[in-house]
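> Below, each chain spelled out in residue letters.
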Amino acid sequence: MSSSALLGSELLTLFRRRRTWAMLGALALIPVLIGIALRLAGPAPAGRGPAFLSQVTENGLFVGVTAMVVATPLFLPLTIGVVAGDSIAGEASHGTLRYLLIAPAGRIRLLVVKYLAAAAFCAAATLTVVVAGTLVGWVLFPIGPATLLSGATVSVGEALVRFLAIAAYVTVSLLGMSAIGLFLSTLTTVPVGAMAATAILAVVSQILDALPQLEPLSPWLFTHYWLGFGDFLREPPVWDSFGDNALLQAGYLAVFGSLAVGRFLTKDVLS
Amino acid sequence: MRPSDTGARRRFSRWIPAIAAPIAIGVGVVLVPLQAQAAVDLPDLTPAELLELAASSEVDALSGTIEQSSELGLPDLSGLSGPMGGGPGDDDGDGASATDLDDLISLATGTHTARVYLDDEHARLQVLDPLAERDVYVSETDAWVYDSRAAAATHLVFPDEAELEALRDVARGEAAEVRDRLEAELGAPLPTPDEVLERALAALDESTEVSVGSDARVAGREVYELRLEPRDDDTLVGAIAVAIDGEHGVPLAASVTARGADEPAFRVAFTDVSFEAPDASVFAFTPPDGTEVTEHVVPVPTPAELEQWRAEAEAAPPTDGERMPRPIVHGEGWSAVVELPVGTAPAFGAESGDSSAGGEASAMLDSLTESVDGGRVLQTSLLTVLFTDDGRVLAGAVTADRLLDAAASGR
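Residue numbers (the working numbering), protein chains in the order written: chain W, 1 to 271; chain H, 272 to 682.
Excised from the complex, chain H in its bound form (with noise of 0.2 Å):
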């Protein structure tokens, strides 16, 4: 008996390293972001003073990674995206549009990493798609857009420095007279910025509860929790979240969670930051060979076209066949519901299916969309949209019974 039982007892020490080898990467896996969860205790803040330590962060320099995930509950889009894939090289209009709808159903669905970075002059933000790339960056004198996949770019020039003193002077000048108007009908001198907060916090408070959630870590950090919860219980949206850092008053994180769910339906957050200033070098852009550059000049007016535009508009108030049917708005608050009238939306449905890119486009809102009685909904777990059949869209965080009965009831 002896020899077998140690034989057997060596056999099984050999398979201790395979055993060990697992149990020790899933303690790891659990022990290392519960040490970084651990013990994270700021001093206590109102929502008050929490805000104002948002609005008093001086932070002009930094550079980080930030992760954004979207579960939206919307349908899978990667069938419907692939066929349309090809879009970018395309140089018609079609292609064009095909990519923005694939950019926004990428953005909609998934999850995205791009690196920040900052400095007092110039921004970055670098979106790290796979083996490609979207780039922004901006600086106080122009701004770039490069896109890898398409090898294009895009070149804003922003307006001279001198213009935009003009404009602010203007502007500048406007505010200090309403000022004044103001404080004679008042009788006194208009509330401090304080005051400003607090009277915005109380009205925001008749629509939502605003409170200082626990204390957490965000990218490292430790983060105070700004919590918005409708108290309207019409609407889709259970609760806005945002992570504020607590020693520079940096959002770091926000997420937007769907009523009823545990997993926030949007979230945006950095997974690492640093408050330093980023090398310089990382701001500098200049297209490379091959790549198509697009021009834009960004127009500003000088204060005379201002004047000019003020007089006509008071000269000739707009009627309605000239201007844009304007959006209606149906409600109040959370549950507001947003109608824009026949004509003012592009048409969907079979009848404008008379471009290949308004055919895909249509089958797209097809597939993703519902039947309901009086048209289609396209229902996600923070928006809906309804398109009625006599042409109408109407959009809100809520269900899709409440859009129908606002369709029905105009109200």
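Excised from the complex, chain W in its bound form (with noise of 0.2 Å):
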């Protein structure tokens, strides 16, 4: 089987399962609790709640980025950890590990693939949250030219290209968490352990990331730059953020993609 048909079965297996459709619709309730509740409880005040929250009820292209600054520290991570934790550890749990394996030079590939599944699912899930949230405030709330951080405002073409951007900085803030989830799901054939340790990790470098008397440490944490996507919000952009943000996740990639590779290797694959 070549490399593109093996990720193109995973992708299909991947989105198949009822679980994942399940992790999408949790991810698309949260813009649309936001979107009601706002609809029926009225305007919040400026400067209470998450950011762009007292923005959406003038203008609903602003549920989208609401839901995103809510889903980012918390939802986005655990459903990232369930894909990417169980990636190796389930078909092991499942017993299909071997069958997988039967072809030379097997393993590493097998990983590159289910790490390309993982990063495409991470593309869904926010992708699903920008979409859903759209589609809200379009529903709910009148729809016009977005006001953004500078105090300019763009046209609503323009708002939604920016909100896609924030949709891939948010899947690229992701890359690293995915690896550390295929990593962890090498060293264990039971799929929860890996998830959990997986979500746990995303929560735990976000503590660390708070604490004043670590600042030293915080731009080395893989959650750092996960709440920078709103400098795309700004006018003009600014683009230093993402920059740190991919080289960070990249440097991520590289070692827990590696480690990965070295426990995969020489892992005695029973199951």
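For the record, the hints were derived by calculation from the structure and aren't laboratory data.
Here chain H is said to cover these stretches of chain W; the calculated rule only asks that three of the stretch's residues, wherever they fall, bring their Cβ under 8 Å from a Cβ of chain H: (1) 147-154; (2) 234-242.
Keeping only pairs whose Cα atoms sit at most 25 Å apart, straight-line, the calculated SDA-like set for lysine to any residue is: (3) W:K267 to W:T189; (4) W:K267 to W:G95; (5) W:K267 to H:A291; (6) W:K267 to W:I108; (7) W:K267 to W:P191; (8) W:K267 to W:S2; (9) W:K267 to H:I287; (10) W:K267 to H:R285; (11) W:K267 to W:Y252; (12) W:K267 to H:T277; (13) W:K267 to H:P288; (14) W:K267 to W:G106; (15) W:K267 to H:A289; (16) W:K267 to W:L110; (17) W:K267 to H:A292; (18) W:K267 to W:L100; (19) W:K267 to H:G278; (20) W:K267 to H:A279; (21) W:K267 to W:L187; (22) W:K267 to H:R281; (23) W:K267 to H:I290; (24) W:K267 to W:S3.
Note that CB positions come from ideal geometry on N, CA and C, so glycine has one too.
Combine both chains into one complex, guided by the hints.
Have a look at this one:
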């Protein structure tokens, strides 16, 4: 089987699973809940609650961004933890791993394919939040030119492009975490363990980031730039945090990807 | 033996990427900054020449990113600013003062990033807060201050060019008059700017050691370092360093280091800078819909009003009763202590807790300060403030003991 065919079948398996759709549905529920709550309760006072919340009732486009602010610290990492943590350990627990490894030199290829599938899920998850948020906002609230953080106003079209850029930013943010999940998944045959460990690491990393005493450590934490996507809502957009974030995630990918390779190549696959 | 030996070797070889990746990253992390610092050698300058270079700088367009960090040794304030963080939305006065306090605290602790844009007619400062932004747009005729979190804008309108020109004429006329009088008194032409600089440096040299430090690199540009070190042993200030661009003479970084500390207590520096004129669109601002706009007109006195004020001031010298008591300065130079007499500083302590904002503020001061004999002291690595029990406030870049001495002896 060629690599692309293997990736194709992996993606099909992933997106045919009911669990995948349940998680995407749960993510889509966040903007729906925000939209309905604000529709019923009226506008939020400025400066209270998550960023952008007060803008939602004036401009429905901001439902998606508000949902992203809410989803980034916990819900997105939870779902990514499930997918990435399950990648190898899930096959092992089902007893299907050794059949996937029959082809010679197949282990690295399998890891790469599993990682790409997890990355595809990251993109799907962030797009779900943004798209569902935009749809909900469009249905429930007036839509118009959007006010950016700098006070500049951009057209609906440009605002949507910026929201897609935010989805891309968050996707990149989650790539390092996916690599950690993949590595943890090669350590065990119990998928729940790898899933939980990955999600917990994301939370621990954010707690460490919030401690002022550990400030020198924080630029090295994979969650450090997670909320930096607001830089795309400035005029002119600021790209510094995107670049720093991409570099950091690439570093995590290199370290944990190679750890996963080392572990998976030397592992005795018994199931 | 052979087969298992090669097996072990193969096993090990598969871990090589896992070992190599962190090493490669570590080497990169160490080497990239080293390379950026490597081999900066600008032609040597004396402090006077360096100051001339800075004064002759003719940069009127630039854009860049500034990072500011403070490590003043204040206690952790996040717990304090938390409950008050909801302030911006409150439209009453308490909310506003709590926000100002928050802003002050956030400036005094942690790290901030801002972008600056300059061209010959406009300036813009863009403070990049997480998921929020504060902006200052300045043009020749007006200025906008915008805060995204409060969704509020302030519009300052500068006076007409004609009015300013009239004032400038008055100032020029007076300057020429003073100059003529001085030259008549001295019997010689006034010193040139060079000579003035030399004299100023000589005067500064009594209290401060001025030197040019080692060349370095700031924001990728080669810079000179101007160092000011107080000769006074009483002050908390160890050194002030200003990095000046070797080509354009623009200051690119400044830092203040406390005595005995290695890391600066306060530092502001460009992390990247470009001397090309930024696109005109970055200076454009119209307040977005739904923004609360406050209008201010900056008042400018006409020459006639100025005349009148001066006449009034000369006719009736202020009596102590009418005038605000002036701050008293004890000592001089780096270890000077400023004293605000009773009544000028906002009262502080248990008795001032009449309003909720005052109560919060005084609770905050209580937790920031520590009790000493005769008052409370706010101690940072650069500045000390003493609130005496009798209501005076003394501040200076000196130790708490020096402030207590000044409070007790009045000197």
